[in-house]
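Given the coordinates of chain A, work out where chain B should sit on it, guided by the hints.
Protein chains: 2
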Amino acid sequence: MLRFKGDFDTQEIDLVCVEGAYQLLKAEQVEGLVGYYNLPQSSLVLCDEISSSLLEETARIETIAVIGIGGSTLGIKAIDRLLRSKTANAKKIVYFENSDPVSIAQETAQIEYEKTLFIVISKSGGTVETLSIFKHLIATFNISLQDSKKVLVVSDEGSILSQFADHYNIKRFVIPSNVGGRFSVLSAVGVLPLMLAGFDVASILRGAQSFGERFWNRQEDHLLHKAAFYVSNAKNHPINVLFSYSDRFEEFGKWTVQLWGESLGKKNQKEERVGLTPISLIGSVDQHSFLQLIIEGPLNKTVTFMSVEHANESLIIPEMNLPFLEKSDFVNGKSFDTLINAQCHATMQSVAQSGVSVDEIIWESIDETSVGEMILYYELLTSASGALLEVDTYNQPGVELGKQILQSYFQK
Amino acid sequence: MLRFKGDFDTQEIDLVCVEGAYQLLKAEQVEGLVGYYNLPQSSLVLCDEISSSLLEETARIETIAVIGIGGSTLGIKAIDRLLRSKTANAKKIVYFENSDPVSIAQETAQIEYEKTLFIVISKSGGTVETLSIFKHLIATFNISLQDSKKVLVVSDEGSILSQFADHYNIKRFVIPSNVGGRFSVLSAVGVLPLMLAGFDVASILRGAQSFGERFWNRQEDHLLHKAAFYVSNAKNHPINVLFSYSDRFEEFGKWTVQLWGESLGKKNQKEERVGLTPISLIGSVDQHSFLQLIIEGPLNKTVTFMSVEHANESLIIPEMNLPFLEKSDFVNGKSFDTLINAQCHATMQSVAQSGVSVDEIIWESIDETSVGEMILYYELLTSASGALLEVDTYNQPGVELGKQILQSYFQK
Numbered sequence: 006m007l008r009f010k011g012d013f014d015t016q017e018i019d020l021v022c023v024e025g026a027y028q029l030l031k032a033e034q035v036e037g038l039v040g041y042y043n044l045p046q047s048s049l050v051l052c053d054e055i056s057s058s059l060l061e062e063t064a065r066i067e068t069i070a071v072i073g074i075g076g077s078t079l080g081i082k083a084i085d086r087l088l089r090s091k092t093a094n095a096k097k098i099v100y101f102e103n104s105d106p107v108s109i110a111q112e113t114a115q116i117e118y119e120k121t122l123f124i125v126i127s128k129s130g131g132t133v134e135t136l137s138i139f140k141h142l143i144a145t146f147n148i149s150l151q152d153s154k155k156v157l158v159v160s161d162e163g164s165i166l167s168q169f170a171d172h173y174n175i176k177r178f179v180i181p182s183n184v185g186g187r188f189s190v191l192s193a194v195g196v197l198p199l200m201l202a203g204f205d206v207a208s209i210l211r212g213a214q215s216f217g218e219r220f221w222n223r224q225e226d227h228l229l230h231k232a233a234f235y236v237s238n239a240k241n242h243p244i245n246v247l248f249s250y251s252d253r254f255e256e257f258g259k260w261t262v263q264l265w266g267e268s269l270g271k272k273n274q275k276e277e278r279v280g281l282t283p284i285s286l287i288g289s290v291d292q293h294s295f296l297q298l299i300i301e302g303p304l305n306k307t308v309t310f311m312s313v314e315h316a317n318e319s320l321i322i323p324e325m326n327l328p329f330l331e332k333s334d335f336v337n338g339k340s341f342d343t344l345i346n347a348q349c350h351a352t353m354q355s356v357a358q359s360g361v362s363v364d365e366i367i368w369e370s371i372d373e374t375s376v377g378e379m380i381l382y383y384e385l386l387t388s389a390s391g392a393l394l395e396v397d398t399y400n401q402p403g404v405e406l407g408k409q410i411l412q413s414y415f416q417k
Numbered sequence: 006m007l008r009f010k011g012d013f014d015t016q017e018i019d020l021v022c023v024e025g026a027y028q029l030l031k032a033e034q035v036e037g038l039v040g041y042y043n044l045p046q047s048s049l050v051l052c053d054e055i056s057s058s059l060l061e062e063t064a065r066i067e068t069i070a071v072i073g074i075g076g077s078t079l080g081i082k083a084i085d086r087l088l089r090s091k092t093a094n095a096k097k098i099v100y101f102e103n104s105d106p107v108s109i110a111q112e113t114a115q116i117e118y119e120k121t122l123f124i125v126i127s128k129s130g131g132t133v134e135t136l137s138i139f140k141h142l143i144a145t146f147n148i149s150l151q152d153s154k155k156v157l158v159v160s161d162e163g164s165i166l167s168q169f170a171d172h173y174n175i176k177r178f179v180i181p182s183n184v185g186g187r188f189s190v191l192s193a194v195g196v197l198p199l200m201l202a203g204f205d206v207a208s209i210l211r212g213a214q215s216f217g218e219r220f221w222n223r224q225e226d227h228l229l230h231k232a233a234f235y236v237s238n239a240k241n242h243p244i245n246v247l248f249s250y251s252d253r254f255e256e257f258g259k260w261t262v263q264l265w266g267e268s269l270g271k272k273n274q275k276e277e278r279v280g281l282t283p284i285s286l287i288g289s290v291d292q293h294s295f296l297q298l299i300i301e302g303p304l305n306k307t308v309t310f311m312s313v314e315h316a317n318e319s320l321i322i323p324e325m326n327l328p329f330l331e332k333s334d335f336v337n338g339k340s341f342d343t344l345i346n347a348q349c350h351a352t353m354q355s356v357a358q359s360g361v362s363v364d365e366i367i368w369e370s371i372d373e374t375s376v377g378e379m380i381l382y383y384e385l386l387t388s389a390s391g392a393l394l395e396v397d398t399y400n401q402p403g404v405e406l407g408k409q410i411l412q413s414y415f416q417k
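Order-wise, the sequence lines are chains A and B. Using the numbering used here, the letters of the first sequence map in sequence onto residues 6 to 417. Using the numbering used here, the letters of the second sequence map in sequence onto residues 6 to 417.
Only chain A is shown next, with the shape it has when bound in the complex (with noise of 0.2 Å):
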């Protein structure tokens, strides 16, 4: 369970614009413009197939190679680290993503071949750090791709991918066209791996489904105020920090920055550059890093921490006066959640105390319940600032010209 604290309905936030933030989301989900707001329900259909088809006959693969980048693995890996620790005997998940040759090389030695699943993830079924690395594996390993139990695919349906997948009767699944890639963590995307690793899936969806729920009764209109604030601030606080309170957090963090970053910044219908820069820090770590410049420097961020209320409480801090360090015994006996916990809560009450606008969300403990709430606010969250920034948030226009430069070098 989550709970959410801050004040941002009483700041200066202009309820008529949140009033027509909710009506313009509400009106890309009735109209079916905008997919993922019905993904919790509608993949769970999903889960009930992959349950019946795949669970059995892939139940002795050891290890599952994910081949894919940006939306096609952050979400994915979110999720994995997230709950890999409550998640008895998951399989391992390998991810080939960067076209990084090392990290190739390092990766393509974790793979028994014989064990191995190899999934192939591109919305549009062209990326190119994708297909050039699975055209590797297939290489390397020998890859028999008549096999039907060795390759998955997901992608848009009538993508090159899907047709390439067709061709060899490769067992393909759908990313809906009206899902956005950094939207798609609960489309086929996610849920094909990590079902297949073991994870809970099903309990994610259900949790995701009921925040979104809420959502539409007008039960969460905190994250429109939340919204509000950060759109109408925007120039003074263009700069957006989620400072999470749990190593779990890392690569859930990632996956905000893309979300908030791709989905906001770009052109407005006035042709205005607009957008909001999203930040990921780990505390307590980065007290010791990043903490500074909040206090201190510019007022141009907002903060929003995030913590754990029951991580592991077995892990005690040994009642141990050791001599000369007697400066750290006021924690002694306690334990390292409470620690982390009150670190969490101090550095909030100084970063408020500088003047920074903070808010809080609090997870009882790392489920999967709250792992999908956590997923579609943010989702939620998003859609609601690009309605308030008049910007397209689905789209990602300003990356094209960097691929048509790239592949000009490779026509010389």
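Rather than coming from a laboratory, the hints here were simulated on the basis of the structure. Check before you lean on any hint, since a few could be wrong.
All copies of an identical chain are treated as equivalent in the list; a pair is satisfied when it fits inside any one copy or across any two copies.
BS3-like, lysine-lysine: derived pairs with alpha carbons at most 25 Å apart [claimed, not checked]:
1. 97 - 154
2. 332 - 176
3. 332 - 155
4. 408 - 332
5. 272 - 240
Quick caveat, the model's predicted, so the values are computed rather than measured.
Relative to the frame of chain A, chain B by itself:
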């Protein structure tokens, strides 16, 4: 070897300020106010000492447990990641940093007591995470503090941790008092664990030394020009992005974030809040995440692109024509090295075309000499920027309040 490309000197920078910054740094060095300038030389002596006194007796150790946080680990991790793939038989280093109980449990599970050497690192000696985790490890493994071969300490002379070490006759190493934590990687903080793990630290130091000599001889003035450009544009470009095209730069990026953020984000002599916000990205992965925001979002960023000319030229994209996937065949037969470097340059070109100021740092390869050069480059760039911002580059007063609040929670 590193090559630096940028045209900061032709942009509107104030050469009088550049000269002033150089003279300020020179005075800091000559008067001994700032100690890191001399570490490349002085730590070579430390290398000899470690070679003769510790290398042999720790030869059978298989794992080094580093207990520290912030400036006590970020630099070690950066070098570890950059050089591990080229360092044969480097010993495993396990980092105990965060007060996160789930991480501590996972890290503890990696320790085989008989084969492990523990190194406790804290400049002040009183870091609550470090001391609490150290107590946990003492209790878990029943570490004998009397055993002079099990624990080493790195701290300031006279700190409570140093006094503790002397009490138990634990071998300890000193961080010079004029070397700040985030500038300490080339002191015993980095030298001791990295040497014992088998890295060629002397070559790193010599790389740093040669870069320092060139800087003091005015052969690396480009970094002064860059600092002047960044500082004079701090209001309209408050965010500095480092976009590094190799996964091996992940931890190095985090090291630069601490160095840049914590050194420059503070109140200047007029009590004005100043500072520049660092962001570290990895290519090509973050082309699929953050790039859209750089290209089309607000023009409030500068971007430094970093690439490696020769990483692993033997990993070739196979000459394979897959039906329907011909779109990606334009890179067939090329190395992944060629692909990732082309991606870096294509992205840089597209970012520059969108009106963002870019510069470039090219590594011929990732080797010890270049790592040393790069460390000193970033430290000097930070010092020069701090001088131009008129801040005390070497303190971090903003984080004290949070520590006081933390203590007050436990005194209730």
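How the hints compare with the structure:
| no. | hint | in the structure |
| --- | --- | --- |
| 1 | 97 - 154 | within (18 Å within a copy, 37 Å between copies) |
| 2 | 332 - 176 | between (61 Å within a copy, 22 Å between copies) |
| 3 | 332 - 155 | between (58 Å within a copy, 24 Å between copies) |
| 4 | 408 - 332 | between (56 Å within a copy, 12 Å between copies) |
| 5 | 272 - 240 | both (15 Å within a copy, 21 Å between copies) |
No hint from the list above goes unmet by this structure.
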